[in-house]
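Peer 1: Next come the chains, spelled out residue by residue.
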Amino acid sequence: MSDKISLSLRVNGASHALAVAPERTLLEVLREELRYTGTKRGCDQGSCGACMVLVDGEPVFSCLSLAVTLRDREITTIESVEAGNELHPIQRALVQHGAVQCGFCIPGVVLAAKALLDRNPHPTVDDIRHALGSNTCRCSGYARIVQAIASLTGERP
Amino acid sequence: MRYAEPETVEEGVSLLSSTEHSRCIAGGATLVAMMNAGHIAPAMLVSLHRMRELFAITESADGLWLGAMTPHRVVAAETRLRGSMGVVRSAAGQLAHPSIRNMGTIGGSVCLADPSTEMPVALVAASARVEIAGSGGRRIVPIEDVLVDRFKTSLGRGELVTRILIPRGIEGAVGHHLRFSRVSGDYPTVSISLTLSMQGDRCVHASVVVGSCGPVPLHVAAADQRLLHTPLGEEDVAAAGQLLASAAAPIDDVRGSAEYRRMLIPRLLGRALSQARELAHV
Ligand SMILES: Cc1cc2nc3c(=O)[nH]c(=O)nc-3n(C[C@H](O)[C@H](O)[C@H](O)COP(=O)(O)OP(=O)(O)OC[C@H]3O[C@@H](n4cnc5c(N)ncnc54)[C@H](O)[C@@H]3O)c2cc1C
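As you go down the protein sequences, you meet chains P and U in turn.
Using our numbering, you'd call the opening residue of the first sequence number 1 and step up by one each time.
Using our numbering, you'd call the opening residue of the second sequence number 158 and step up by one each time.
By construction, these hints were calculated from the structure, which means they are not laboratory data.
Treat the hints loosely; a few may be bogus.
[What the hints assert, rightly or not] One-sided excerpt, in silico: chain P residues whose CB lies under 7 Å from chain U: (1) Q45; (2) L66; (3) D72; (4) V95.
Positions of the beta carbon are idealized from the N, C-alpha and C atoms, including for glycine.
Using the sequences and the hints given, assemble the complete structure.
Peer 2: Laid out in structure tokens, this is it:
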């Protein structure tokens, strides 16, 4: 293991002073050092989207991001999406539409949808499908996930 | 592994040339994926994140210079990439998914030189030029001279790509990119980048480049020639497509057999040309 580098990471609005080896991914640091275990480890190759977080509001794969490269950036994980024990409207819609099954992909799906809706509150169904293109789900068949998000925008899939 | 974040290109170059098995890290999309899979274990990573000049986009008389660290998302939204330069914008907007477009950079795509990706294809169609910095200073070379083989560039030890010029191209021409993949957003099975100019219903300029069909983007002068001065009729497109298909050297993989890829080329070419003509309203 390499020498550790001291750095401060901003996660969900809080700064964390850390010492991490340069090869450690953001995913590993979030889960193992900071215990933000809502971010899931899937393929480690950027193919499944389970590890998705937002960096400066844009979705990125935490499995492909080295933590040391993310100083001064604003990192958002699934833990910050719920406000005061209230599910976020996206989470509520997913539950109401029966889109949540095993749930492993859901943190990434919620963050991808949040990044989309924050930027564009009225996306088309096509926009929704594109925005969720990086998120693999092996239970739902996607239809209900897309329906749930579309229900928040007044679109009909 | 060691890690450094130099602020200037010159410092970066000297670190890269003085350390064995050192690598640049740009967006990290492919580099970290390869590290995670255990395919590479660099002794040193030189991050490009603090080199401000690599993020600059500047307009010149020749065209638009895109800093190597420009993410695909920014290229896809760059409205100054219009006319034939639009081929690069079109490719960046279709490449993979939002999260890869946020992470991956244009410089990373050039240096990765992955024959199954599409940004190099669009850059060849746009006749892009690449600025490379090394210990001997900087040089500017055509993109074709950078991409030499599968995952192989002509960059020497200690060299890095600083920026890429997208030349203005021919007045009145349009650029377009078309990718085909069975699963939307996957690496393309075949992709086509082209620039096109029509006068009335005659083609007065065509430059067609095919991706995922050989070690480097496939550009066949005879195929461009075959389209020139024609109305891009069915026969013309089929003949040009045949020239490209027979020059192609695709591989068999999970996305398609070599034979399937060859068969796709003329089909996609026809579709790409008619979409480009629609863009140009001719
Ligand atoms: C899941 C996934 C899907 C993808 N799908 C597509 C797709 O559909 N179409 C497509 O075209 N591409 C696709 N890509 C590839 C993507 O475009 C590249 O990963 C990306 O552009 C590489 O850029 P980067 O900045 O992340 O480079 P990095 O991963 O940081 O680096 C890649 C290589 O280039 C070197 N390098 C980077 N920048 C420089 C520089 N300025 N000078 C010298 N060397 C440098 C690095 O040392 C490394 O060897 C996909 C990638 C992933 C992970």
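Peer 1: When the nearest CB of chain U is found for L66/P, is that gap smaller than 7 Å?
Peer 2: At about 6 Å, which falls below the 7 Å cut-off, the nearest Cβ of chain U leaves the hint on L66/P intact, so it holds.
Peer 1: Taking 7 Å as the limit, does the beta-carbon of Q45/P come near enough to a beta-carbon in chain U?
Peer 2: holds (5 Å)
Peer 1: The hint names D72/P as touching chain U; please verify it with the least Cβ-Cβ distance against 7 Å.
Peer 2: violated (10 Å)
Peer 1: Is the interface hint satisfied for V95/P? The criterion is a beta-carbon contact with chain U at less than 7 Å.
Peer 2: violated (24 Å)
The structure is inconsistent with the numbered hints 3 and 4, although it conforms to all the rest.
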